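Top line first, the protein sequences correspond to chains U, H and Z.
Take the position in the first sequence, starting the count at 1, then add 515; the result is the number in my numbering.
Read in my numbering, the second sequence has 6 at position 18, and its numbers run on one by one without any break.
Take the position in the third sequence, starting the count at 1, then add 19; the result is the number in my numbering.
Derived from the structure by calculation, the hints contain no laboratory data.
None of the values given here were measured: they were computed from a predicted structure.
C-beta: ideal position from N, C-alpha, C; glycine also.
It is possible that part of the hints are untrue.
[To be verified] Short, incomplete list of chain H residues facing chain Z, as computed with Cβ under 10 Å:
1) Ile34
2) Arg70
3) Ile222
4) Ala233
[To be verified] Pair by pair, the computed Cβ-Cβ distance ranges are:
5) Ser158(H) <-> Lys518(U): 19 to 27 Å
6) Asn337(Z) <-> Ala524(U): 17 to 25 Å
7) Lys551(U) <-> Asn206(Z): 46 to 54 Å
8) Lys518(U) <-> Gln70(Z): 51 to 59 Å
9) Pro221(Z) <-> Thr174(H): 31 to 39 Å
10) Leu309(Z) <-> Ser158(H): 56 to 64 Å
11) Ile(-8)(H) <-> Lys551(U): 19 to 27 Å
12) Lys518(U) <-> Thr174(H): 20 to 28 Å
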Amino acid sequence: MNKVIFNEAFCKGCQLCIDVCPKKILALDTEKVNAKGYNPISCTDMSACTACSICARVCPDSVISVERG
Amino acid sequence: MANIVYEKSRGLTDTPFTYCPGCSHGTIHKLIAESLVELDVLDKSIAIAPVGCSVLAYEFFNCDAIQAAHGRAPAVATGIKRVEPDKIVFTYQGDGDLASIGTAEIIHAAHRGENFTVIFVNNGIYGMTGGQMAPTTLINQKTSTSPYGRQESTTGKPLLVSEMMAQIPSATYIERVSVHDIRHITQAKKAIKKAFEYQIANKGFSMVEVIADCPVGWNMTPVDARKTIADAMIPYYPLGVYKDAGGEA
Amino acid sequence: MKVLMKGNIALSEAAIQAGCTAFFGYPITPQNEIPEYMSAKMEPAGGVFIQAESEVGAINMVYGAAAAGARTMTTSSSPGMALKQEGISYLCGANLPCVIVNVARCGPGLGGILPGQSDYFQATRGGGNGDYYTPVYAPSTVQECWDLVFHSFDIADKYRTPVMILLDGMLGQMMEPVETKVHPRLNVDKPWATNGNAASRPRNAITSLSLFGEVLEAMNLERFKVYEEIAKKEVMVENTVKDGDTVAIVAYGAPSRIVVNAIDELKEEGINAGLIRPITLWPYPGDIFLNLPSSVNHILVAELSMGQMVEDVRLAVNGKYPVHFYGRTGGVVFEPIEIANKVREILGKPTKEIESKIESKTATQDENLRGGI
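Isolated chain U (complex conformation):
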């Protein structure tokens, strides 16, 4: 299965990845707050991920790694 992995501690909740995800499967996790004080990014449906990696390339803070599996 394709996978996006988040380094949540680095996330600033800017939502650029949410905007560019073609599958619209990214969302801020409003249940969590990281040490920086932001709701970090999360994936709502990993099975839909195509590993296109646009989210990771757009992320300014290198929060996202992508694996094709």
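Since the structure of chain U is already known, use the hints to place chains H and Z on it.
Showing chains H and Z alone in chain U's frame:
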């Protein structure tokens, strides 16, 4: 076994960026770091950080790095590159640094045809000091020192740096790119990598102007700021190659 | 063998012989012979010469070359030195070694191209922003110009600090025979250099910045420990004051040689005076004033300024002696008789008439301009 499609570049240190959420600086840092790694020159690279939001860039690039006085990065780069001509030297400068206080230094580095690379980040504002007007601020754009919007009658028109630099006889490669969407990020990476390839091939002075945003200074969300690059910045700052005297890299 | 050369040429050739591999300059009178000489000699010697776009550019090129670990130098004259202050502050903040020469003229503003010593405060107080000093050497002969260049590069490397050589245009332009001895070089490792060798060591970063108060304070305290060591070990002074002298005259640089003539003139009429000539202006040789012979009753400071070093003398003397001052400015150089007269005046003796063109010089601005800038 899982195949890694994308991960953080080892051209960056583990230090988290100090930039505001969604700021283009992070995106541009990544493109530089990836280019240096892909060209296998990271270990012999020397980064010069400016004064401005990217003043701490010397903590982010995973290579030797030095912090320069405001606007003076091209002079510092000159000093380093001339005594270490086989190393890869680049300056990372904002529009306040390069297009205002550092105009003499950037013009004369190009004028001498210095063989280093300049990454010029143009977001039309002084971000670090609180969003003041820059020479690159758009007409009618409100900033903390143009609270009624920039007026041409008293502050002139925004400075077109790439167009100006392309007129310098000894400049080799000048391109303006943007990082507001994935297509443009890909193009920006190509330009940055090409600028470093030119330096490796001793082709002389290269500058890549990257049209960027400042969500906090522009008073909008990161998503809106990236759209504003396309809607407001690029119409005034046309993208493209302004000079390429280097032939094929 | 001695070679006849100008002060400016001695400074230049000595720098090359001392291993300077990167020189960055900008035209300004009266130091132009230095960049001119370097433009001809640096490349053949395997070094770098750049005529920068400005003094600001030049000092920042020095910052880069010093960061990369090279022995590097820039030279200028007073108004140009004012422009370099930003860079010098950064060099100190980042602990980078280099040599900076000021062949001083008179000021303020554009002033004139004639010799002056009115950059003393700028040189010795840290002319830019922040808490810092640079060691400052003041040669009085062309030979000393030669020798102090070698010493300055060593001190810069040893303590990781910019070092300044301060002379006036008179000495820069003066020709004298010089023993062109190549002094052995102090070789100092520079493991901190940002020279792009991160393949063989952890990466290096050079900065004068810290946004954390305690960190920046610690950096400053560390630097002042170095300053303390410099002050303890590196003071240089020439002292000819001996038992029986009633006046100690303090002067530095080329004008100290005029004072020597005044002392000879006074001796003929039975007035005994000696010279204290600081060679380091920072650290200042203040201790010398605490151990003067008991015969000394007065201190006279002679400078080509309105009185700058005199403040360091007053600080050192701390009220122990009356401290008098004699100075000329605008590029006017005092003659021995003027110094001798000041001593006579201090001692309550009749002064001698000065035969000089000085009184007739009521030149208008226009007439001054005809002299050239």
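Evaluated hints:
1. Ile34: holds, 5 Å
2. Arg70: holds, 4 Å
3. Ile222: violated, 32 Å
4. Ala233: violated, 22 Å
5. Ser158(H) <-> Lys518(U): 19 to 27 Å: For Ser158(H) and Lys518(U) the Cβ distance comes to about 49 Å; the hint is violated.
6. Asn337(Z) <-> Ala524(U): 17 to 25 Å: Given about 59 Å between the Cβ atoms, the range is violated.
7. Lys551(U) <-> Asn206(Z): 46 to 54 Å: holds, 47 Å
8. Lys518(U) <-> Gln70(Z): 51 to 59 Å: holds, 58 Å
9. Pro221(Z) <-> Thr174(H): 31 to 39 Å: Taking Cβ atoms as reference, Pro221(Z) and Thr174(H) lie about 33 Å apart, which means the hint holds.
10. Leu309(Z) <-> Ser158(H): 56 to 64 Å: With Cβ atoms ~59 Å apart, the hint holds.
11. Ile(-8)(H) <-> Lys551(U): 19 to 27 Å: Cβ of Ile(-8)(H) to Cβ of Lys551(U): about 25 Å, so the range 19 to 27 Å holds.
12. Lys518(U) <-> Thr174(H): 20 to 28 Å: holds, 23 Å
When held up to the earlier numbered hints, the structure conflicts with 3, 4, 5, 6 and fits the remainder.
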